[in-house]
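Novice: Given next are the chains, with one letter for each unit.
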Amino acid sequence: MTATYALKRLAMAVPTLLLVAVAVFALLRLVPGDPAQLMLGDAADADQLAALRESMGLNHSLPVQFFNWLGAALRGDLGRSLSNDQPVLPLILERFQVTASIVLLAVALAALIAIPLGTIAAWKQNSLLDIAVVGGATLLLSIPSFWLGLLMLLFFGLKLGWVPVIGYVGFGENPWQALLYIVLPVVTLTLIETGVLTRMARSAAIDVLRLEYVAHARSKGLREFTVLRRHVLPNAFAPTLTLLGIVLGNLLGGIAVIETVFTIPGLGRLLVDGIYARDYPVVQGTMLFVAAIYVLVNLLTDLLYPFFDPRVAAE
Amino acid sequence: MKTASLLAGLAAAALGILPAVAQEPLRASLNSDIRSTQPGGNRDANTDAVTLHMVEGLVALDERATPVPMLAQTVEVSPDGRTYTFTLRQGVTFHNGAPLTSAEVLWSLRRYMDPATQWRCLPDLNGRSGIAKVTDMAAPDARTVTVTLEQPAALFLSIIARPDCGETAVLHPSSVGADGAWVKPVGTGPFMMGEWRRGQFVELERFDGYASLPGERNGLAGGKKAQVAKLRFVVIPDSSAAKAALLAGNVDVLSEVPAPELPDLRRSAGVTVMAAPTMGVTALLMQTRDPLLKDARIRRAIALSLDVPELVTAMIGDDAPANASPLPSASAFRSEAQAARPTRDVAAAKRLLAEAGYRGQTIRMITNRRYPNVYDAAVASQAMAAEAGIKIELEVLDWATQLDRYTRGEYQMMSFIYSPRLDPSLSYEMLSGPKDTQPRKVWEDPEALALIGRSMTTTDTAARQAIFDELYKRFMDQVPMVILYNQPDYMAVRRGVQGARPWAGGLTRLWNVSRD
Amino acid sequence: MRLRMNAVLGGTLMALVLGTAVTSFFWTPANPLRIAMRARLNAPSAAHWLGTDEVGRDVVSRLMAGAGTSCLVAALTVLAAVVLGSLIGLLSGFARGWVDRVLMLVNDALLAFPGILLALGLLAVLGASQWGIVAALGLAYTPTVARIVRGAVLSIREREFVEASRSIGNSALYTMWRHVLPGTVSPLIVLATSLFGWAILAESALSFLGLGVPPPAPTWGNMLAAARPYLESAVWLGVAPGACIALTLLGVNLLGDALRDQLDPRSRPQ
Chain A
1 MTATYALKRL AMAVPTLLLV AVAVFALLRL VPGDPAQLML GDAADADQLA ALRESMGLNH
61 SLPVQFFNWL GAALRGDLGR SLSNDQPVLP LILERFQVTA SIVLLAVALA ALIAIPLGTI
121 AAWKQNSLLD IAVVGGATLL LSIPSFWLGL LMLLFFGLKL GWVPVIGYVG FGENPWQALL
181 YIVLPVVTLT LIETGVLTRM ARSAAIDVLR LEYVAHARSK GLREFTVLRR HVLPNAFAPT
241 LTLLGIVLGN LLGGIAVIET VFTIPGLGRL LVDGIYARDY PVVQGTMLFV AAIYVLVNLL
301 TDLLYPFFDP RVAAE
Chain B
1001 MKTASLLAGL AAAALGILPA VAQEPLRASL NSDIRSTQPG GNRDANTDAV TLHMVEGLVA
1061 LDERATPVPM LAQTVEVSPD GRTYTFTLRQ GVTFHNGAPL TSAEVLWSLR RYMDPATQWR
1121 CLPDLNGRSG IAKVTDMAAP DARTVTVTLE QPAALFLSII ARPDCGETAV LHPSSVGADG
1181 AWVKPVGTGP FMMGEWRRGQ FVELERFDGY ASLPGERNGL AGGKKAQVAK LRFVVIPDSS
1241 AAKAALLAGN VDVLSEVPAP ELPDLRRSAG VTVMAAPTMG VTALLMQTRD PLLKDARIRR
1301 AIALSLDVPE LVTAMIGDDA PANASPLPSA SAFRSEAQAA RPTRDVAAAK RLLAEAGYRG
1361 QTIRMITNRR YPNVYDAAVA SQAMAAEAGI KIELEVLDWA TQLDRYTRGE YQMMSFIYSP
1421 RLDPSLSYEM LSGPKDTQPR KVWEDPEALA LIGRSMTTTD TAARQAIFDE LYKRFMDQVP
1481 MVILYNQPDY MAVRRGVQGA RPWAGGLTRL WNVSRD
Chain C
2001 MRLRMNAVLG GTLMALVLGT AVTSFFWTPA NPLRIAMRAR LNAPSAAHWL GTDEVGRDVV
2061 SRLMAGAGTS CLVAALTVLA AVVLGSLIGL LSGFARGWVD RVLMLVNDAL LAFPGILLAL
2121 GLLAVLGASQ WGIVAALGLA YTPTVARIVR GAVLSIRERE FVEASRSIGN SALYTMWRHV
2181 LPGTVSPLIV LATSLFGWAI LAESALSFLG LGVPPPAPTW GNMLAAARPY LESAVWLGVA
2241 PGACIALTLL GVNLLGDALR DQLDPRSRPQ
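Chains as they are written, first to last, in my numbering: chain A, 1 to 315; chain B, 1001 to 1516; chain C, 2001 to 2270.
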């Protein structure tokens, strides 16, 4: 049943991605400015502009441009960057590695902290501990990420000199160096996501705590800790999982700010730089890629959901 | 030639004696990655700065941005002003060890003149833009190259020396592959191409066989010596992060410092900030075809409502003076006559507005956050104009969008920065022209256009000076725009970095720069 | 006890913020837009309680005026997202079938669309203004609301009381109104309070990327973004709007928790 469901969902992803592709293309061409103009700057002569546009393939009509791109994309060719003539797909994969390692690490750490913390706060609802946890979480999610990032950079990088303030080294090259370079962005993201996830986990756990079977488990004389571990924690995890999917998706787009502050060559910066440079193939390719990843992550969370939520499993 | 081999020998000796000193590359910031390594091709200012460490042209700009011989020993112009004869320096070798001869020069020039190369400056040399038209190029012997023009052109050498044209660099044919596709620059510069990790850094390596001109550094010409074995340009898009990197010692040189970062850097003991006025122009453009702004009285009122010296001092202190002229303050043609600007007079501005029947209509001014000085200028002038009752509303756009509006001429006002124009004729050409065919042009005055045309063919200095003074008078009289100042080129280095200097041309030069 | 504390603390903070916002329309210590180029980056003093900014404007006055703009933008954004998202979520969760599939298709596509491109695109098309930001952020948050509401609807519609309502012959619309909609209120309020916070944060991130509410109108977001280069030489510039953002978010979230406890019948003290 799960296999056919997964296949069905995958089939449904095709129109979603197509919709994204069309929307990105349309929006990108609605935004004023074009790459040829940017290259020529304040001295853009009409003839020169036309020649450059032609060499970039921008002289065709929009539908022709779109279907040319789509046709190539279906064959796995996302074109070449207009800014530096790099093939887009390898560029994306290279940048994605960087972003994924940071985002996954941060979200995993945040979930590890947030779910137990949220569950305990819910269990001790209205206690001082609960207030402290909620207050702390609220404070964390109310700090702008770039601000937190910069403060950390100034403190740990500049004042204490513990870590380099800019740059990136791949894990394959030098794992220890790599760790030094990504520790600040990971910690920044972790702190902020912990704030969001703790509140969600707590609210999910409160819902679970009210269900009859928790009362039932309690009435059977199970120890409070066992109830918490065996019934509340796993069930509070389910709704949080859905949110995790959303968080992951949003992070891929929203990490641009963090990547800019810490000078990390990730996917977010590729996208933002691409947008500012009107590098159409890069933006289109990156967006399609991000959308595909997003759909995949959501499919996975949906498939995993029944394993964690007794209510859906019972259906 | 002797000097060259001597220098090469010295460089080799230095390498032998001091093997370990320069292990760590000298690191300089770049605010965006380079676009390619092809001179005058797919480029921007950063690309120019990096590639001009590796390649050189027949002529190059000196410290005052006038063209002087670089790879050419001498440049001679025929009496009719149409034929340029370049005699090449001897002893110059390419990065691959091949000697420089007229064959490579001719190959390079022909490559640039081929439309397929998409050389940025082709329209200026094939007659399209009306500046010059090359009719013939030849190599009579191994040391001589001649270029013949259809008509005399005062700007020919200025054009081929332009950094954005890649200095019309002389390349070895092995720079391109068998299929004609670009591989990497094999030039004659003091550095060679090393590793380019896209989005992260470009690394250049010292060229041990470099044949330097004698003397001091002089713009993009003069004596050049690679003092470090490796030079690394690190891409740091965020200016605050770049500042932090410099303070923390992760880079040695900030090749560009936006004004808002200056206070922090100047407070820091381990850092030196340097400034040199460039030839770029920061200005408030006004659309003379706008229903409201077509009235010169309103434009003049706006100009009168601004206290420009105050604004400039507040923004950049004493790093650069206010300048009302389209000619940069560093230009030899910016005479005393062009120093005058009417002082702020709010009452007069109000009178003019009343005369013109201005009733507080909103004027929209476009600006952006990519260039902090452009943004600050917009915010400050908005507040100053408000005191005269002029209602300006700011529209903050991203740079690409603003450039699009500029190119189309679709704006009322615009806070803008022009890239450097290195010749006075070009300074006026960049802002004047017929709007029907060139909507980006701000100033449309047939008589001014005639004057500009005349300045391009006149070679007599005094006559040219008279033309520019006349142009300035007309410009100030019609107020198509308010020119504020010439943005300084800032550079910041850590203690221990020797020999770095900012430059009016705005490009970072890291030859002759060493680190203790 | 906690309930009261949440309500009191959250309410006080929000009253303070809204009071400041309203006051700023009538009175601020100085004109928040008046620049004084000679008095740039002045440290806090008697004349300027929180100093002056990079063009010499009074920071306290700008903070007060910024309260209005920031809260208005955030509130309108949340309103737009909640209204649109709830409609989509309710319809999709309740109708199921092809309606659900099509709606979720659009929703997923929208969700998979990084907010920044949406914002940049819309702002470029609509022109950079407060309304552009409301539209861009509102649209960006809509799918999140829709998903959560749909999820709530799906889990509620399987509950016994919904089955019961249907089995006694109540119409679908009535059942939705009477039994399903109230069940979505609690997650919606939690979400809406988060969204309000996100909107204030997103505005500051957009300002950081150069796309926030255009000057000279101050918002906490664009003040914070503008203060970034001066962290060493003028700390107060960044600390003040940052603290305002944090306190407002604290207030709105506490208030949201209190409301949630009030509105959710199951959470009344037993």
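Do not take every clue at face value.
Stretch by stretch, here's where chain A covers chain B in the computed footprint (C-beta under 8 Å, at least three residues) [stated by the list, open to error]: (1) 1030 to 1038; (2) 1151 to 1159; (3) 1196 to 1208; (4) 1429 to 1439.
Note that these hints are calculated values from the structure, not bench results.
C-beta: ideal position from N, C-alpha, C; glycine also.
Novice: Going back to the hint list, which numbers does this structure go against?
Specialist: Violated hint: only 2; rest satisfied.
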